[in-house]
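**Q** Sequence:
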Amino acid sequence: MTHLNTPPVPAPFVDGTPTKGLAIGKLGLWGSTVIGVASTAPLFSLAATLGFVVVAVGAQAPVAFVLAFVPMLFTAFAYRELNNDVPDCGTVFTWAAKAFGPRTGWMAGWSIAVAGVLVMANLAEIAAAYLLRLVGDGSLADNRVVVTASGCVVIAVMTWVSLRGIQIGERMQQMLLAIQYLAMAAFVIGCLVGFFTGNAPKPTAPALDWFNPLLADGHGMVQAVLLALFIYWGWDTCLALTEETRDPRRTPGRAATLSTVILLITYVGLTVVTMMYAGIGDTGTGLANADHADDVFSGLAGMALGPMGWFLVVAVAVSALSSSQTTILPTARGTFAMGIYKALPKRFAALHPVTQTPTFSTLLIGVVAILYYAGMNLVSTSVLSDSVLSIGLAIAFFYGIASFTCIWYFRRNLFDTWQHLIYRLIFPLLGGVFMAWAFIQSAFDMADPAYGSSHLAGIGSAFLIGIGSLLLGAVLMFVWALFPGARDYFQKRSLNRDTEVLAPE
Numbered sequence: 001m002t003h004l005n006t007p008p009v010p011a012p013f014v015d016g017t018p019t020k021g022l023a024i025g026k027l028g029l030w031g032s033t034v035i036g037v038a039s040t041a042p043l044f045s046l047a048a049t050l051g052f053v054v055v056a057v058g059a060q061a062p063v064a065f066v067l068a069f070v071p072m073l074f075t076a077f078a079y080r081e082l083n084n085d086v087p088d089c090g091t092v093f094t095w096a097a098k099a100f101g102p103r104t105g106w107m108a109g110w111s112i113a114v115a116g117v118l119v120m121a122n123l124a125e126i127a128a129a130y131l132l133r134l135v136g137d138g139s140l141a142d143n144r145v146v147v148t149a150s151g152c153v154v155i156a157v158m159t160w161v162s163l164r165g166i167q168i169g170e171r172m173q174q175m176l177l178a179i180q181y182l183a184m185a186a187f188v189i190g191c192l193v194g195f196f197t198g199n200a201p202k203p204t205a206p207a208l209d210w211f212n213p214l215l216a217d218g219h220g221m222v223q224a225v226l227l228a229l230f231i232y233w234g235w236d237t238c239l240a241l242t243e244e245t246r247d248p249r250r251t252p253g254r255a256a257t258l259s260t261v262i263l264l265i266t267y268v269g270l271t272v273v274t275m276m277y278a279g280i281g282d283t284g285t286g287l288a289n290a291d292h293a294d295d296v297f298s299g300l301a302g303m304a305l306g307p308m309g310w311f312l313v314v315a316v317a318v319s320a321l322s323s324s325q326t327t328i329l330p331t332a333r334g335t336f337a338m339g340i341y342k343a344l345p346k347r348f349a350a351l352h353p354v355t356q357t358p359t360f361s362t363l364l365i366g367v368v369a370i371l372y373y374a375g376m377n378l379v380s381t382s383v384l385s386d387s388v389l390s391i392g393l394a395i396a397f398f399y400g401i402a403s404f405t406c407i408w409y410f411r412r413n414l415f416d417t418w419q420h421l422i423y424r425l426i427f428p429l430l431g432g433v434f435m436a437w438a439f440i441q442s443a444f445d446m447a448d449p450a451y452g453s454s455h456l457a458g459i460g461s462a463f464l465i466g467i468g469s470l471l472l473g474a475v476l477m478f479v480w481a482l483f484p485g486a487r488d489y490f491q492k493r494s495l496n497r498d499t500e501v502l503a504p505e
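Numbering (UniProt numbering), first residue to last: 1 to 505.
These are calculated hints, taken from the structure and not from any lab test. Backbone N, C-alpha and C fix where the C-beta goes; we use that ideal spot for every residue, glycine too. Treat the hints loosely; a few may be bogus.
[Said to hold, decoys possible] With a straight-line cut-off of 20 Å between C-alpha atoms, the simulated SDA-like cross-links for lysine to any residue are: (1) LYS202 / VAL188; (2) LYS346 / LEU192; (3) LYS346 / VAL368; (4) LYS346 / ARG144; (5) LYS492 / VAL368; (6) LYS346 / GLN491; (7) LYS202 / ALA290; (8) LYS26 / GLY101; (9) LYS202 / GLY286; (10) LYS202 / THR285; (11) LYS346 / LYS202; (12) LYS346 / VAL188; (13) LYS202 / GLY101; (14) LYS346 / GLY485; (15) LYS492 / VAL479; (16) LYS202 / GLY284; (17) LYS202 / GLY58; (18) LYS26 / GLY485; (19) LYS202 / LEU192; (20) LYS202 / ILE265; (21) LYS202 / GLN356; (22) LYS346 / ASN496; (23) LYS26 / ARG164; (24) LYS26 / ARG249; (25) LYS346 / ILE179; (26) LYS202 / VAL272; (27) LYS346 / PHE360; (28) LYS202 / GLY306; (29) LYS492 / LEU192; (30) LYS202 / MET276; (31) LYS346 / LEU476; (32) LYS202 / GLY269.
[Stated by the list, open to error] Here are the computed distance ranges between Cβ atoms for each label pair: (33) ILE459 / TRP310: 26 to 32 Å; (34) PRO213 / LEU476: 27 to 33 Å; (35) GLY25 / ARG347: 25 to 31 Å.
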């Protein structure tokens, strides 16, 4: 059986341990956490979501973000336990292949790639539009050709940065995340000053009722939690960089947990302060005003920050820029790992000899994202918008697989200790059940022709894109399985339960 533990491609060694050739030990806990938080685009995510959450549940918006955090934390524990045992940049792809077999692993890897490409198109659009608002009279932001061209440049530049090496990316993310949190801190101070001086447009005293989910409409709370759930996505980026992190069996898992907690504090804190300042009415500056629900901060920036309001607008663009680069990292490393284990052609396993960064995988992700973004803009901006909404299906899909993978992978020692019982069974089970429900409920909602901006044959485009992209992956998987180069993977020779982890201790 020794052939099962042989790396599928020649691998360098570090202290006698075979590796995939990625840059070893470049990230610490701080750098890994920064990348995990930055990947969610916290400022942009909240700006684009807060209004819709308030429309759904009103004053109970803060507790919606808390409730959405819980299953994410449970999933983070599943990631941590799996990473402690298998610190592999392929994350869910590798873990699911080891636990459930090659086809489940392949589909997990595919869903991560789909989510990455779709969200990069959205982030490029947002970054380009926000930056163009600051040029001249801002009219360029309404020019679709200019916005599309600028968005393609954003993806190209972020792809180039990703190719330059993980340390350069880390330093850039520290700077961009600092800008985001500096802007958020300034906004919070401006809101609090306005509230306590009576100069806020709609001063609203905080109340404990804001954290009582029983006071909200049940259907509304379901919608709010689903909206809030997916803006936590991205913390798992630090797990995809596990082989480039110091102490890969522990640091990435800690960074993932820390990232989710930081995001919880950020989202709930900003939500409370913004509600205190602007209120929850459906007119004027009220957060439930549908006219500005898709971007609550742009209208409030000038009020809370005065002449410095432009800084918050810039920070939203920076948030999208930051996340577009960090999205490339896990997506490219996922397909890189699939190339290493022969789940994809071996060219996906190519590395730059100096920067030790996946070359073909990174470039391909960037090119596909540009082609998809530009193509969707040519077809219909409504379809592009619906493709962004469909991302939730792919996210719930691979998060659910990760949670159930944890249980099955550790099934032989779930009851050895109380820690194993909690972190390897109870928490992952709760997280997995919730993600399965989120997938089904989201699919049901997206199928409604009134959902999103467009529909086809009476079915919402978001549903067709989300489910269609997953089905496309299944087709491609079976097609690739017909090629001789795929046999080692699909016959469990290049990756199975006993395959050696190609990462140093």
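**Q** Evaluate each hint against the coordinates.
**A** The hints, checked one at a time:
Between the alpha carbons of LYS202 and VAL188 the distance comes to roughly 15 Å, so the proposed pair stays at or under 20 Å and holds. The suggested pairing of LYS346 with LEU192 is violated, with an alpha-carbon distance near 55 Å, which exceeds 20 Å. With a C-alpha separation of about 18 Å, the suggested pair LYS346 and VAL368 falls inside the 20 Å cut-off, and the hint holds. For the suggested pair LYS346 and ARG144, the alpha carbons sit about 38 Å apart, so the restraint of at most 20 Å is broken.
The hinted pair formed by LYS492 and VAL368 fails the criterion: a straight-line CA distance of about 29 Å is larger than 20 Å. Between the alpha carbons of LYS346 and GLN491 the distance comes to roughly 17 Å, so the proposed pair stays at or under 20 Å and holds. Between the alpha carbons of LYS202 and ALA290 the distance comes to roughly 17 Å, so the proposed pair stays at or under 20 Å and holds. Simply put, LYS26 and GLY101 have alpha-carbon atoms about 31 Å apart, too far for the 20 Å limit, and the pair is violated.
The straight-line distance between the Cα atoms of LYS202 and GLY286 is roughly 8 Å, inside the 20 Å bound, and the hint therefore holds. A distance of roughly 8 Å separates the Cα atoms of LYS202 and THR285; the hinted pair therefore holds under the 20 Å criterion. For the given pair, LYS346 sits about 59 Å from LYS202 by alpha-carbon distance, which is inconsistent with the 20 Å threshold. Taking the CA atoms of LYS346 and VAL188, the gap is near 50 Å; set against the 20 Å cutoff, the hint is violated.
With a C-alpha separation of about 56 Å, the suggested pair LYS202 and GLY101 falls outside the 20 Å cut-off, and the hint is violated. Distance restraint check for LYS346 and GLY485: the Cα-Cα separation of roughly 8 Å lies within the 20 Å cut-off, and the hinted pair is therefore satisfied. Proximity of LYS492 to VAL479 is assessed by CA-CA distance (about 17 Å); at most 20 Å being required, the pair is judged to hold. Distance restraint check for LYS202 and GLY284: the Cα-Cα separation of roughly 9 Å lies within the 20 Å cut-off, and the hinted pair is therefore satisfied.
At most 20 Å may separate the alpha-carbon atoms for a hinted pair to count; LYS202 and GLY58 meet this at roughly 15 Å. A hinted pair counts as satisfied when its Cα atoms are at most 20 Å apart, and LYS26 with GLY485 does not qualify at roughly 33 Å. Under the criterion of a C-alpha separation no larger than 20 Å, the hint pairing LYS202 with LEU192 is consistent with the structure, at around 12 Å. Under the criterion of a C-alpha separation no larger than 20 Å, the hint pairing LYS202 with ILE265 is inconsistent with the structure, at around 23 Å.
Restraint check for LYS202 and GLN356: the C-alpha separation of about 53 Å exceeds 20 Å, so the hint is violated. At roughly 18 Å between alpha-carbon atoms, LYS346 and ASN496 fall within 20 Å of each other, so this suggested pair holds. Straight-line distance between C-alpha atoms of LYS26 and ARG164 comes to about 14 Å, which keeps the hinted pair within the 20 Å bound. Restraint check: the Cα-Cα separation between LYS26 and ARG249 comes to about 14 Å, which is no more than 20 Å; the hinted pair holds.
Of the pairs offered as hints, the one joining LYS346 and ILE179 is violated, with about 39 Å between alpha carbons and a cut-off of 20 Å exceeded. Straight-line distance between C-alpha atoms of LYS202 and VAL272 comes to about 13 Å, which keeps the hinted pair within the 20 Å bound. This hinted pair checks out: LYS346 and PHE360 have alpha carbons roughly 10 Å apart, not beyond 20 Å. Simply put, LYS202 and GLY306 have alpha-carbon atoms about 17 Å apart, close enough for the 20 Å limit, and the pair holds.
Between LYS492 and LEU192 the alpha-carbon distance is near 59 Å, which puts this suggested pair outside the 20 Å criterion. Distance restraint check for LYS202 and MET276: the Cα-Cα separation of roughly 8 Å lies within the 20 Å cut-off, and the hinted pair is therefore satisfied. Using a Cα cut-off of 20 Å, the hinted pair LYS346 and LEU476 holds, with the two alpha carbons roughly 16 Å apart. Our distance criterion of 20 Å between C-alpha atoms is met by LYS202 and GLY269, whose separation comes to about 18 Å.
In this structure, ILE459 and TRP310 break the distance hint of 26 to 32 Å, their C-beta atoms being roughly 42 Å apart. Checked against the hint of 27 to 33 Å, the pair PRO213 and LEU476 fails, with Cβ atoms roughly 41 Å apart. Distance hint for GLY25 and ARG347: a CB-CB separation of about 27 Å, consistent with the stated range 25 to 31 Å.
The structure is inconsistent with the numbered hints 2, 4, 5, 8, 11, 12, 13, 18, 20, 21, 25, 29, 33, 34, although it conforms to all the rest.
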